[in-house]
Structures are given as C-alpha cells and as structure tokens.
Amino acid sequence: MASTNSAVRSPNWTINRLRSLRDCEACRSIALIVLVTVLAHALLIRQIGAYWDDWFYGWVAHAQGTEGLLNVLAYDRPVQGWVMVFNYTLLDHHTQWWQVYTLAIRLLSVLAFWWALRGLWPDRRLATTAMALVFAIYPGFLQQPILIYHYHFTVLTIFALSLGATIRAEQSGQRTRRLVLTVFAALSGLLYLLLLEHFIGLEALRLMIIWYIVVRFQPDTMPRRAQMMWIARHWLIYLAVSTVFLCWRFFIYDSPRDATDMSLLLQRFADEPGFMVMRLSVGLIRDSLSSVLLAWFAPANAQFSAATTVGFALALGPGMVGAGLLLWYYRWLKRRPEFNGDREFLVWRKDTLLIGIFGVLAALVPVLFSDRHVRLLDSYDRYTLPALAAISLLTVALLFILRPSLRPWVLALMVGLSITTHVLNAERYRAAWQLQRNLWWQLSWRAPLIEPDTALIVHVLDEAPADVVVINPYEIWGPANLIYYPEAKQPPLFGMRLNQSAFDTFEQGQAFDWSLRGVSFEVESADTLILSISRKSGCLHVLDGSRLGLPARADGDLWAVAAYSNISRIREGRHNVDMLTSLFGDEPSHSWCYYFQKAEFARQQGNWTEVMRLGEEARAQGLEPQDHSEWRPFFEAYVCRFIDHVENYPILSLSPEARHKLACVG
Numbered sequence: 001m002a003s004t005n006s007a008v009r010s011p012n013w014t015i016n017r018l019r020s021l022r023d024c025e026a027c028r029s030i031a032l033i034v035l036v037t038v039l040a041h042a043l044l045i046r047q048i049g050a051y052w053d054d055w056f057y058g059w060v061a062h063a064q065g066t067e068g069l070l071n072v073l074a075y076d077r078p079v080q081g082w083v084m085v086f087n088y089t090l091l092d093h094h095t096q097w098w099q100v101y102t103l104a105i106r107l108l109s110v111l112a113f114w115w116a117l118r119g120l121w122p123d124r125r126l127a128t129t130a131m132a133l134v135f136a137i138y139p140g141f142l143q144q145p146i147l148i149y150h151y152h153f154t155v156l157t158i159f160a161l162s163l164g165a166t167i168r169a170e171q172s173g174q175r176t177r178r179l180v181l182t183v184f185a186a187l188s189g190l191l192y193l194l195l196l197e198h199f200i201g202l203e204a205l206r207l208m209i210i211w212y213i214v215v216r217f218q219p220d221t222m223p224r225r226a227q228m229m230w231i232a233r234h235w236l237i238y239l240a241v242s243t244v245f246l247c248w249r250f251f252i253y254d255s256p257r258d259a260t261d262m263s264l265l266l267q268r269f270a271d272e273p274g275f276m277v278m279r280l281s282v283g284l285i286r287d288s289l290s291s292v293l294l295a296w297f298a299p300a301n302a303q304f305s306a307a308t309t310v311g312f313a314l315a316l317g318p319g320m321v322g323a324g325l326l327l328w329y330y331r332w333l334k335r336r337p338e339f340n341g342d343r344e345f346l347v348w349r350k351d352t353l354l355i356g357i358f359g360v361l362a363a364l365v366p367v368l369f370s371d372r373h374v375r376l377l378d379s380y381d382r383y384t385l386p387a388l389a390a391i392s393l394l395t396v397a398l399l400f401i402l403r404p405s406l407r408p409w410v411l412a413l414m415v416g417l418s419i420t421t422h423v424l425n426a427e428r429y430r431a432a433w434q435l436q437r438n439l440w441w442q443l444s445w446r447a448p449l450i451e452p453d454t455a456l457i458v459h460v461l462d463e464a465p466a467d468v469v470v471i472n473p474y475e476i477w478g479p480a481n482l483i484y485y486p487e488a489k490q491p492p493l494f495g496m497r498l499n500q501s502a503f504d505t506f507e508q509g510q511a512f513d514w515s516l517r518g519v520s521f522e523v524e525s526a527d528t529l530i531l532s533i534s535r536k537s538g539c540l541h542v543l544d545g546s547r548l549g550l551p552a553r554a555d556g557d558l559w560a561v562a563a564y565s566n567i568s569r570i571r572e573g574r575h576n577v578d579m580l581t582s583l584f585g586d587e588p589s590h591s592w593c594y595y596f597q598k599a600e601f602a603r604q605q606g607n608w609t610e611v612m613r614l615g616e617e618a619r620a621q622g623l624e625p626q627d628h629s630e631w632r633p634f635f636e637a638y639v640c641r642f643i644d645h646v647e648n649y650p651i652l653s654l655s656p657e658a659r660h661k662l663a664c665v666g
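Under my numbering, the residues of the sequence shown are numbered 1 to 666, in order.
Derived from the structure by calculation, the hints contain no laboratory data.
Hints are all accurate, no fakes.
What follows is a set of in silico ranges between Cβ atoms, one per label pair, in the way DEER data are often shown:
id	residue 1	residue 2	range
1	F86	W248	21 to 29 Å
2	V469	F304	17 to 25 Å
3	F217	L239	18 to 26 Å
4	K489	Y101	22 to 30 Å
5	Y75	I401	42 to 50 Å
6	S379	S515	17 to 25 Å
Every residue gets a Cβ at the ideal spot worked out from N, C-alpha and C, and that includes glycine.
Please model the complete structure; the sequences and the hints are all you need to start from.
Structural data, given as structure tokens:
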C-alpha cells in the first residue's frame with residue numbers, strides 16, 4: 001500500500017519540483033548569464049582558431065614538451081608552465097577544442113564571480129546578475145578568440161573563488177567552517193598571484209569587501225577603533241600571503257624580462273621619483289577612465305564603423321536577443337521587489353561605488369608600475385582584466401544612480417551593444433583564421449617540403465586598419481615548423497611578415513637574426529621564400545625571383561623584394577598532413593587555388609605534362625582564376641611549350657593586355 005501511495009504521489013512530486021525550478025531566481029539568473037555569454041562569444045567559435053602567442057607556446061609544447069614549456073615560462077612566470085603543461089597534455093593541437101576550453105574557462109570565471117557576489121549581496125539579485133553580465137561581456141577586452149587568454153580567465157576564476165570563500169568565512173559563525181574557508185581563500189590567493197603577478201591589485205578589492213562586511217554587517221554599537229582592528233586582524237592572513245609573494249618576487253626571483261623585473265622597476269622609482277609618481281598618477285586617471293567609461297564606446301564605434309551593412313545586421317540580431325533576455329529576466333524579477341529608494345539601498349549604492357572606484361585604481365597600479373598601460377583597440381586592452389571585477393561593480397553602481405524605471409532599459413542597451421561588438425569582433429578573427437587556413441593549406445599544395453634554414457616572408461595584400469594582422473614572427477614560423485618539421489626540437493624554418501626589418505635585412509644582405517625565450521634563428525636572406533596572399537581575392541603566390549611574375553594586386557612593397565625569393569628552397573617530399581588537419585581543420589575542397597598551386601610546383605619541376613593535366617581537370621570543373629596572373633603556369637604549358645594544344649584551353653579568351661603580361665620566359 002505504501003508503494004502504491006508513493007507511486008500516486010510521484011507525478012505531483014515531479015510537478016512541484018518543476019514549479020520550484022520555474023520559481024528559482026538563481027536558476028534564471030545563471031541561465032541568463034550563460035545564454036548571454038554564449039551569444040557574445042560562441043556563435044562563431046567553430047570558425048576561429050589560433051592567433052598571436054598561441055603559435056609560440058603551441059610549437060614549444062609540441063617540439064619540446066613539458067621541459068620546454070617549463071623552461072620558456074621560467075623566464076618570467078615559472079608556475080604558469082605547469083598550467084600550460086596540463087592544458088597542452090589535455091588538448092594537444094586541436095584548435096577547436098582549445099576554443100571551447102577557453103570559452104568554458106571564461107564562463108566558469110563569470111559563474112565564480114556571480115557566486116562570490118551572491119554571498120555578499122544575496123538580496124541584490126538584479127545588481128549581482130548585472131555585475132556578472134558586465135564581467136562576462138565587458139567590451140573593453142576584445143581578445144577573447146586568442147587561446148592564450150584562457151590563462152587570464154583561469155586566474156580570474158581562482159580569484160573569484162578565493163574572494164567568495166573570504167566573504168563566506170567573514171560571515172560564518174562556525175569557527176571550523178570559517179577556518180577552512182579562510183585557509184582555502186589564502187592558498188588560492190597565493191596561487192593566482194604566482195600565476196600572474198600584475199593581478200596583485202585584486203587584493204585591494206578583497207580588503208574593501210572585508211571592510212564592507214565589518215562596517216555594514218557588524219553591530220552598530222561596535223566602536224570605530226574596534227572595527228579597524230577587526231578589519232586588520234581578518235585581512236592579516238591575506239596581507240601575509242601577498243607579502244610573502246612580493247618578497248619572493250622582489251628579492252629571490254631574478255627575471256630577465258624588464259616588465260616583470262621588480263628590482264629594475266623599483267630602481268626607476270629611486271632614480272626619478274618625481275617623474276615616476278607624476279607618470280603613475282596621470283596614467284592611473286587616464287587608464288581608469290578608459291577602462292570604466294570609454295570601453296563602452298570606443299570598441300563599439302570601431303567595430304560598427306568597420307562592419308559591412310550585412311555584417312552589422314547579422315551581429316545586431318544576437319545583441320537584440322541578449323537585450324530581450326535581460327528584459328525577460330527583469331520582468332519576472334519585478335514581481336519580487338528589491339529595495340530601491342530606502343536608506344539601505346542608498347548606503348549600498350554609495351558603498352559599492354566606493355569599493356568599485358578603489359578597486360579599479362588599485363588593480364591598475366601594478367600594471368602602470370610595470371611600465372604598461374591600458375590601450376583600447378590594441379593588444380594592451382588585456383590590462384583591463386585585472387580591474388574587471390571592480391569595473392563590474394562600479395559600472396552597475398553607476399547604473400543604479402538612474403531611476404528604477406530606466407535601469408533595465410539602459411542595462412539591456414549595454415548588453416545588446418556589447419554582444420553586437422563581440423560578434424563583430426569575432427567576425428574579424430574568423431576572417432583572419434580563414435586567411436591562415438588558406439595560406440597554410442595552399443602552401444602545402446605548392447610546397448610539399450621546404451628546405452631547412454629557410455626564411456618565409458609573408459606579405460598580406462589589401463589589409464584594412466580593422467583587420468587582425470600578423471605581428472610576431474612566431475605566427476609564421478610556428479605553424480610552418482609544426483607542419484613541415486614536427487619532430488624537430490629546434491625550428492628549422494624561420495618566418496616573419498614583410499616589414500621594415502625585413503627590408504633592411506634584404507638591402508644589407510644580412511641574415512635574419514631573431515630570438516625569444518631560448519628559441520633563436522639565423523637564416524641567410526638568400527634562402528628566402530616570399531609569400532603573398534590577398535584578403536580579398538586570388539590565391540597564395542610563392543614568388544619566383546628569377547621570373548618576377550607577381551599577382552595582379554601586387555603593391556610597391558612586393559615589387560621591391562620579389563627578386564629575393566628563391567623557389568629552389570621548395571623540393572619534393574612530404575609534410576605532416578595529420579598535423580595540418582589538426583591545426584587548420586579538414587582539407588578545403590579543391591577549388592581553382594588547388595590546381596594553381598599544384599601546377600606551380602609542376603612548372604617548377606619542368607613537368608609540363610602534369611601542368612596540362614591539372615589544367616584540363618580544372619577546366620572540366622569550370623574553374624577559372626580571379627587573378628589573371630594565375631593563368632601563368634598553364635600559359636607556359638599550352639602557349640610556350642605545347643602550342644599545338646593552345647586551342648584546347650580558355651587562355652585565348654584573355655584580353656591582349658593580360659596575355660602580354662603572361663609572356664613566355666626562357
């Protein structure tokens with residue numbers, strides 16, 4: 001009978017559980033945060049890959065393994081090496097897995113921050129949700145697609161967990177629980193400092209929150225002196241952890257890098273104290289305004305201005321959805337009113353403003369102290385991350401100065417614009433990744449193997465100011481060595497973009513000389529391959545210095561260095577197709593560029609029969625080039641070598657001017 005009654009009650013129990021979930025504000029808040037984060041960062045995740053420093057650490061992890069990663073990171077952040085070892089062991093070179101992992105870490109940091117805030121302000125549901133949303137989609141930092149930043153969000157996750165533990169420890173009435181939470185908070189606080197030293201300003205945010213808990217949650221009868229003693233006593237363990245870390249960093253650890261060499265930085269202050277204090281003060285004001293205010297306008301304006309009409313319309317859709325989700329949450333929450341006009345709310349807002357302002361200033365001091373500063377729309381926007389938690393608090397506190405009826409609409413506008421900004425930014429990275437995929441797959445078709453001690457000089461045509469561009473040499477030599485020499489412990493192939501340094505090397509007949517963190521090159525400029533690829537149209541062109549057949553869109557820079565390209569560095573052989581696929585996805589469909597690259601290699605070998613076969617195969621599929629200069633190998637085969645077959649190929653349809661540019665050579 002009991003089992004029968006239980007069976008009868010089971011559907012009601014299920015219905016009640018579903019109703020409780022429906023009425024669960026925390027569940028709705030978390031769902032909103034997750035959905036908005038996905039809208040901002042995940043829509044193009046399958047179409048973006050690896051960039052910038054990702055290639056350096058990716059090559060080191062593959063070529064030199066655990067020892068290599070630990071060695072290169074011992075250069076300035078020794079503990080970071082172990083995190084990298086774990087991640088590369090887990091994810092290897094699968095760029096899509098890395099993207100998912102990086103997004104997951106960012107989302108985890110947001111949820112950890114939300115958890116910390118709910119421990120402090122459990123009844124401020126709209127405010128804490130809004131703070132977590134700002135933390136998730138803050139538009140001042142636009143380098144989310146770069147994989148190496150998983151590390152920064154790992155640090156923020158650890159700090160958020162540490163802060164949440166501190167908050168719960170300070171409010172706990174059980175000694176054992178308070179002790180366990182405090183020890184966890186202190187140890188995790190030490191861990192994040194060992195991972196990224198310039199995040200130490202976050203400890204000021206912890207101090208302010210301890211102050212807030214003591215001042216607002218303790219009895220009003222507690223004297224001011226007793227409050228200060230309480231704060232000092234409860235912050236002492238965190239101060240001790242920070243002091244131990246600073247002593248190690250200043251007096252024990254010897255960093256060869258200026259930005260992380262604390263003794264060198266202190267010496268600058270000792271030599272020019274007045275100037276350094278003035279520079280620090282001015283920089284602090286400038287960077288704070290950039291991080292808190294300009295970050296909501298400058299990145300959005302840059303992304304909107306660079307976007308096409310169609311691209312903007314497509315990006316606006318997710319932004320509108322995100323804004324709608326926020327309003328949906330607010331409409332549901334409005335039935336459960338929070339304090340908005342009473343004295344308690346006004347005190348909370350004032351305190352939150354104070355905590356936010358102090359937290360932003362303190363977080364940016366170590367950045368400026370290390371001779372860095374916030375620069376929006378640049379790789380230096382990463383220096384907003386130490387202040388991100390405080391920025392979130394301050395932004396929402398400022399928002400809550402508005403009338404209650406305006407807050408959700410302004411917040412929805414901020415969410416919508418921020419999501420749109422991030423989607424447009426992801427489109428830039430998608431285009432950059434597509435360019436990388438085109439370059440390396442086409443080079444693999446054009447060059448089965450490249451001789452060791454070769455320099456690859458890449459020139460990208462039709463670049464726009466808003467494009468994600470190749471900056472560092474390892475963005476070229478990293479993938480090149482992984483594809484062509486995956487077993488080499490030291491990279492045989494050098495690479496860099498065509499810039500003033502490359503021009504100087506060619507003009508002076510010197511060797512390319514470059515080193516970073518124990519990886520060095522010295523490659524003769526005579527052993528160079530110059531690669532040209534356009535962002536708009538056409539295929540990759542590997543220039544031949546003996547023929548000077550340049551792409552139609554070639555600019556003056558390319559003409560100036562074309563003669564230095566030595567295609568004898570390309571030879572028959574086999575590169576690592578599995579590695580290429582792991583890095584850049586499955587081989588693209590064989591469009592015109594595939595036949596052009598294969599024909600160029602066959603022409604280099606003098607295999608004109610193969611050139612003609614490839615030409616016939618391309619013609620059978622109706623393929624033709626966007627750049628008429630890409631007819632060149634087929635023109636030479638049909639017109640210059642086998643003129644009897646010229647009527648079989650559409651080269652005759654070219655204009656006289658185009659045919660003149662394809663004159664026979666030799």
